[in-house]
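A.B. asks: Chain residues, written in single-letter form:
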Amino acid sequence: MPALTTAQIAAVCGGKLEGDSERLITGANTLDQAGPAELAFAANPKAVEQARSSRAGCLIVPEWFAAQGPWTVIRVSEPRVAFARALAALYQKPRPQGFIDPTARIDPSARVGPDCVIGAYVTIGAHSEIGRACSIGAGCHIGEEVYIGEDSMLHAGVTVYDRVRIGARVVLHSGCVIGADGFGFTLTADHYEKFPQVGTVEIGDDVEIGANSCVDRAALGATRIGEGTKIDNLVHIAHNCSIGKHVVIAAQTGFSGSVTVGDYAVIGGQVGVGEKAQIEAKAVVGGKAGILVSQRVRAGEPVWGIPARPLKQHLKNLAQLNRLGELRQEIQALKRKS
Amino acid sequence: MPALTTAQIAAVCGGKLEGDSERLITGANTLDQAGPAELAFAANPKAVEQARSSRAGCLIVPEWFAAQGPWTVIRVSEPRVAFARALAALYQKPRPQGFIDPTARIDPSARVGPDCVIGAYVTIGAHSEIGRACSIGAGCHIGEEVYIGEDSMLHAGVTVYDRVRIGARVVLHSGCVIGADGFGFTLTADHYEKFPQVGTVEIGDDVEIGANSCVDRAALGATRIGEGTKIDNLVHIAHNCSIGKHVVIAAQTGFSGSVTVGDYAVIGGQVGVGEKAQIEAKAVVGGKAGILVSQRVRAGEPVWGIPARPLKQHLKNLAQLNRLGELRQEIQALKRKS
Amino acid sequence: MPALTTAQIAAVCGGKLEGDSERLITGANTLDQAGPAELAFAANPKAVEQARSSRAGCLIVPEWFAAQGPWTVIRVSEPRVAFARALAALYQKPRPQGFIDPTARIDPSARVGPDCVIGAYVTIGAHSEIGRACSIGAGCHIGEEVYIGEDSMLHAGVTVYDRVRIGARVVLHSGCVIGADGFGFTLTADHYEKFPQVGTVEIGDDVEIGANSCVDRAALGATRIGEGTKIDNLVHIAHNCSIGKHVVIAAQTGFSGSVTVGDYAVIGGQVGVGEKAQIEAKAVVGGKAGILVSQRVRAGEPVWGIPARPLKQHLKNLAQLNRLGELRQEIQALKRKS
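Chains as they are written, first to last, in this note's numbering: chain E, 989 to 1326; chain X, 989 to 1326; chain H, 989 to 1326.
Be aware that one or more of the hints could be misleading.
Identical copies look the same in the list; a pair holds intra-copy or inter-copy alike.
[Claimed, not checked] Once the Cα atoms are required to be at most 20 Å apart in a straight line, the calculated PhoX-like pairs of lysine-lysine come out as:
1) 1264 x 1034
2) 1004 x 1182
3) 1300 x 1270
4) 1081 x 1182
Derived by calculation from the structure, the hints in this document are not laboratory data.
Between the sequences and the hints, there should be enough to build the whole structure, so can you do that?
C.D. replies: Given below as structure tokens:
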């Protein structure tokens, strides 16, 4: 059971405490669900209004919150960020001591750093190197010549093919497959011949990848995911893509081969991106959008639709589509007159 | 090999047998493929017509079927349901005796009910509880403090994260990941900070979830799947979704955070649902539809398209789109006249 | 480290060598990245132009390449195909000797052919048969009565349910699930009853299936994938589909039940195909297209859009949609005049 005093929580999130500094907080919850031993937060005016009727034992609130009640509050400039930090402290699991399960099958030529936790039925191939303090969940399969940086966490059941490089503090959720062959085949006479996929995958520091997502190895060279990028579940990243730093990619989105994505781009869910498309820095791609082969989405531009167009144009098209009946009627009226 | 007499099959499906009651049936097949030792069924007039030329050894037919041939038939009110029951009886595997594979790594503090079958290379974490008569396939990884109700079946290679609760008679197909972190990150200065996902997942009784589907844990509270709900392959259910009872969700559909779905809703394949959308009871969402952020789909309403609209309006828009060329010509004609 | 002389490479790809026949090549790369010990290729005029400034130690070029420089070149009729063959030779791993890991749990009634490599923590069920020289990666789970033809390769973490048949030289990438239950439920009174899925899956020779893809077993009969067909990551193939030979299916595409696809069809990514649709031989379905229930896509026809239409009509509709504003203005002008 987690447990911190309100004073400890205020310290963790750098806020100013008002009220009972000794109250013990054992969990966190939403404003409407939180009880007297729980922490909640309010970030915007609407939530602040709701906060007034919350039973939460402690509230993280904006600096401008007008306290006129029995609440114990912690004032901060960014309540959501402060709450996230408080959560991390409250729910922090004690770091397990380094431990290699006796059933982990680690090739004698592989190196595992100090303080790693290697789960049951893990396999690690020849010449691979796992940095210090990594956690490799049960049933993960790591190929040959793989490198994983320190403090990374692979949840149970992740597969990493040969020669992939993964940075520090990376989190891979269960079912991720990193480094499977890119999809490259050439029709030769009456059948497809495989274009050997001899490249690799390079994943930067602080990347997180969701459950059952796939990042394919490059045909030649490397498929790259830049540092700090966050990828949701069931995402497909094809061979030779180059995804920038601090990019956000929502669930079930797919990138065809050789797509480039600039830093800080935000890509919605179920987006499809055609081969060699270029999504520039800070572009925003709406959910379900379809980016055509070689299409270029300009820096900072929000796009939407299939095929994707600048948001303004997309909305205009939609509005006009909805008024087509009207248009038709106007034409009928004109015809009657003429 | 399964084997039942036609009389036994008639008893299983509560139908009225006409013809040879002692014929041995060893399997089931489609009307056109079934042979003399196989069962087939016909539910609608078209299939009934085909049934006349079927070689099946026994036919399940509607009560109004006009038998004028050599067939052995079983008359029932709902042929499809009766056939499903006959199949279940015909292909029923003998329940294996309770057995815990010696390689299953079960934490000493976990409890496994009687009559469970626990496969090879399974891991079960501390304080978890597996109800009686569950079947946990090879290579499943079950975290700490997980609860699984009786008679549930996890096929090989399922992953369940810590603190997830799963009901009775639940079926999870291979590659399912239940309880991975929700996708919550906040841009803070120049990088994304993770919003800790400290909630859980609660799955009701009689739920079935397809291969490689993902149900994320809640940020706070629980992501919920109501009893009797059936979910196909490669579906994504994000943090804090609340899916009702007896909902059907086809393959590759994705729900963003905090979506609610009412009881008996039917959701097609490859649908995308924006954050906080509300799909009310018995709504029907067409395949590939896009439900916008916070959009509300009314009870019983069929919707279609991207963005999703009432089916009638969607069809009207499509028809008008197809007649745009015509519209343009009418305008040209008017211009020439004016 | 791979290493072949330029003469050896020329022999492998059946080309005509000009220049240094003894140069040692240890890898391959793109034209702009390749160094003096690496092979690169140029297939079209633009690439040939780039090739002139490449530092590659050896270039595979079209027969019409006008060599006027220090390059060592290999002239061939199809540079891409020749390069693929050279890659296969260069990066060929020495075939490991047959080896069954002592932790592989193989039922005594199962048969494993000679020269197979069976990884750690694999399970193989009763009466299954694995052909000669197969490679079954760590943590694969193979059910009962499964048949796998010779020289097939299952990467780590593949699951194959009972009674599935897989041909020779098949490649299944990590996370594939073959033979999970089809999605068949019937609403009976107030809940869904499962329609038992008692059929199976049959996968032809030389098929390759990407990471985390799912092929469901048939309700009755078999779900079929024809020989030579190539399937990308995260694809869903529902019960009773019949996919032809030498079909190409890009990532995240989904097929509903009982779809048929003809030989040599090419299906883009994120396509959704409704139940019982028929995609005929050599049809081309554009990325993100939606094929309606029972829709028929004619042989050789390219279709696009949601719902999918012949490409020409789709492009016309898109163009007209973009000119709707113009149309509206023309009508306004007419109204002012009238």
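A.B. asks: Run every hint past the structure and note whether it holds.
C.D. replies: Right, here's what the structure says about each hint:
| no. | hint | in the structure |
| --- | --- | --- |
| 1 | 1264 x 1034 | between (43 Å within a copy, 16 Å between copies) |
| 2 | 1004 x 1182 | neither (62 Å within a copy, 23 Å between copies) |
| 3 | 1300 x 1270 | within (17 Å within a copy, 34 Å between copies) |
| 4 | 1081 x 1182 | between (46 Å within a copy, 16 Å between copies) |
In summary, the one numbered hint that this structure violates is 2.
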